[in-house]
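Use these hints to put chain B onto chain A, whose structure you have.
Each protein sequence line maps, in turn, to chains A and B.
If you count the first sequence from 1, you need to add 23 to reach this note's numbering.
If you count the second sequence from 1, you need to add 23 to reach this note's numbering.
Be a bit skeptical, because a hint or two may be false.
The list treats identical chains as interchangeable, and a pair is accepted whether it falls inside one copy or across any two copies.
[Unchecked claim] Taking lysine-lysine pairs in the BS3-like style, the calculated list, with each CA pair at most 30 Å apart, reads:
#1 60 <-> 79
#2 272 <-> 181
#3 79 <-> 65
#4 359 <-> 308
#5 319 <-> 79
#6 308 <-> 65
#7 308 <-> 79
Hints were generated in silico from the structure; no laboratory data involved.
Number of protein chains: 2
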Amino acid sequence: MQIAERMQGVSGSAIRELFKLLGDPAIISFGGGNPSKACFPKEVIREITDELLRDKADILLQYGATEGYMPLRRAYLDYILPGNGLHGELDNVLALTGSMQGLDLLCKAVINPGDVVLVEEPSFLGALQTFHVAQAKLVTVPIHTDGIHADELEEVVKKYHPVMFYCIPTFQNPSGYVTGAATRKRIAELAAEYNMLVIEDDPYASLRFTGEKVPTIKSFDTSDNVIVLTSFSKTISPGLRVALCFGNKDLIRKMTIAKQGSDTHSPNLNQAIVAEFINRGYMDKHIEFISGVYAKSANCMIEAMDKYFPEWVRYERPVGGLFIWCTLPEGWEADKLFRRAVERKVAFVPGEPFHTTPGAGKNTFRLNFSAEPEERIVEGIKRLGDLIREMKAEM
Amino acid sequence: MQIAERMQGVSGSAIRELFKLLGDPAIISFGGGNPSKACFPKEVIREITDELLRDKADILLQYGATEGYMPLRRAYLDYILPGNGLHGELDNVLALTGSMQGLDLLCKAVINPGDVVLVEEPSFLGALQTFHVAQAKLVTVPIHTDGIHADELEEVVKKYHPVMFYCIPTFQNPSGYVTGAATRKRIAELAAEYNMLVIEDDPYASLRFTGEKVPTIKSFDTSDNVIVLTSFSKTISPGLRVALCFGNKDLIRKMTIAKQGSDTHSPNLNQAIVAEFINRGYMDKHIEFISGVYAKSANCMIEAMDKYFPEWVRYERPVGGLFIWCTLPEGWEADKLFRRAVERKVAFVPGEPFHTTPGAGKNTFRLNFSAEPEERIVEGIKRLGDLIREMKAEM
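Bound-form chain A, shown alone (with noise of 0.2 Å):
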């Protein structure tokens, strides 16, 4: 059987593995990605669906539009943009099946085989696998504790005349690391100057434990260049599957007419419930509930690493989002860190598939503190510590 060139080399999401692991309730889990299932609004959604399942069957069961749910585009408009700077019109959105999907689509309506693509380093692995079986090169700009640098991306942009530069400027996965306002008007600019499609992945901004929101590089944009990616996997939920697209208006066309055939229309019922959602004025208050106890749990698995871990592991304290990234000395393997950590019950996901430049990041970790309880989170960073300490000695 033929398996198409883009395939190749291609072996699957380490992330997406991962969860094998998870259905063994033994094991503490600080890989993936999973929002609190003590943060899912079940009630409320329960209750939502309930009312829409009544009132709204005959069109929420039928097929739908491709650009998505009106009452959710609309929402999207009217209060989600908004509240980042931003307003456009309906034909600047689209309706996602999860922003993964948003990725897929702008790989099929705007990458040739070869076109080179710029990524933070590390970056999302999900991402890194769509743009390879996309067939793009990829190019790096590193991801410092303070975000990217406006220098070394524009030396990087000069460079290679990427097509696109994907990426998460706020809370990065798997960083944690936030972009400033300044280098995030310098992006926008790039893009102008050098007609380069930035791709804004925002799903983990409103998790903000600390601090001031910083503006959106689409609220820089004069060019029209810059497209938004908004999930709601991580503020309501994911398994719902439900986020959107903003930008460019020629470009969500063509995104459009791509998601047409790949899976026709987002589910309505999902869409609705978001928009249900938003529109009922839950979102404010259930967001500033979930970032409180995210940063709780945050603070607990900081002050368990900064007990339990040697001191030459290094790490920043997270004002938001659902990560740590951690650095082992140079010559460490965290691949072995896992797969001993694994014996002892104890799941993250090892640093290197995060990255693009060969053998990068080999040392590297990143810890996820949302899919924990407390006292989980203590347990597992203990036993971590531990394990780290005893491969020190063996060394």
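Same frame as chain A, now just chain B:
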């Protein structure tokens, strides 16, 4: 802004564009392939959904497995497939966000630009669009009132060695025709002889009004080269976007990897609704009910056509599915008929976009009988018949 080569000349689905017309409730629509809203099992879905969100919200609102929601995959293996003479294991099964996604994933997993894909002529235009975006080279085998003919198929397979053959053997879209058992067996043999992947798209098969079920192509498959797409869009609800595919384990694995980068996983709640619908034993009775409804609608439409259409408009009495395929005399343009019909508030789909051969099918059109109540079917067919006679008189 760059647009990818694969999107050049792809203008979007004519049917999807038609959906915009459906916003006007005065339009009698024989376009689309919408199930009747009277056929949605609304109360059962509402009841199931409420129980699922009461009992399983923690699981259903969380991220799920790319492979699909386990109870749905099991229900498919235990109830749906055996009902079609098919048996397999979990690794043969992948859940899809609508069966269109199956085509997209198959293209990603198998097709390189320039590869030959064989399709029936006419064929489902959504599939044709997906193959165009995959930059496949399309070749065709004609479909007749008794389905495709084995000798014609073999000739084109021998000549072009297609990588895959896409077909809808039962109540084909757009023709409504059924390919016979002997030809199906021959298709499976050709798949083995020429190492050709066969996509057996089967969304309409259970909507049979009369006559005996024909065995699936897959049931004759000895080389594991046939992959089945099973949709619940026509039997339960299209808005839920739940489908599954069944086939070769290696191929399913590649499709799963492609799906990781497409929408990560299909929405859990939607999969769970369908799984419960099957597991609670509603399926057979519901299919019996809707087949009866559609048989009545089809009969109503055929009787109106017999009465109001000139005898030189050709069509077959459907034995299942959702469509009646019409052929006007040579030289007619169904496109013109369409534009004038819309002025009289009747819509259908002109046949040309279902064709691959340039210029073919201009004198054909597709009528759907499942979306309108009987009095509107009669009224719409009368208006169409009157219009056809008027246009004839103007020639």
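Hints, verified against the model:
| no. | hint | in the structure |
| --- | --- | --- |
| 1 | 60 <-> 79 | both (28 Å within a copy, 11 Å between copies) |
| 2 | 272 <-> 181 | within (27 Å within a copy, 45 Å between copies) |
| 3 | 79 <-> 65 | both (20 Å within a copy, 10 Å between copies) |
| 4 | 359 <-> 308 | neither (42 Å within a copy, 55 Å between copies) |
| 5 | 319 <-> 79 | between (39 Å within a copy, 26 Å between copies) |
| 6 | 308 <-> 65 | within (14 Å within a copy, 32 Å between copies) |
| 7 | 308 <-> 79 | both (26 Å within a copy, 24 Å between copies) |
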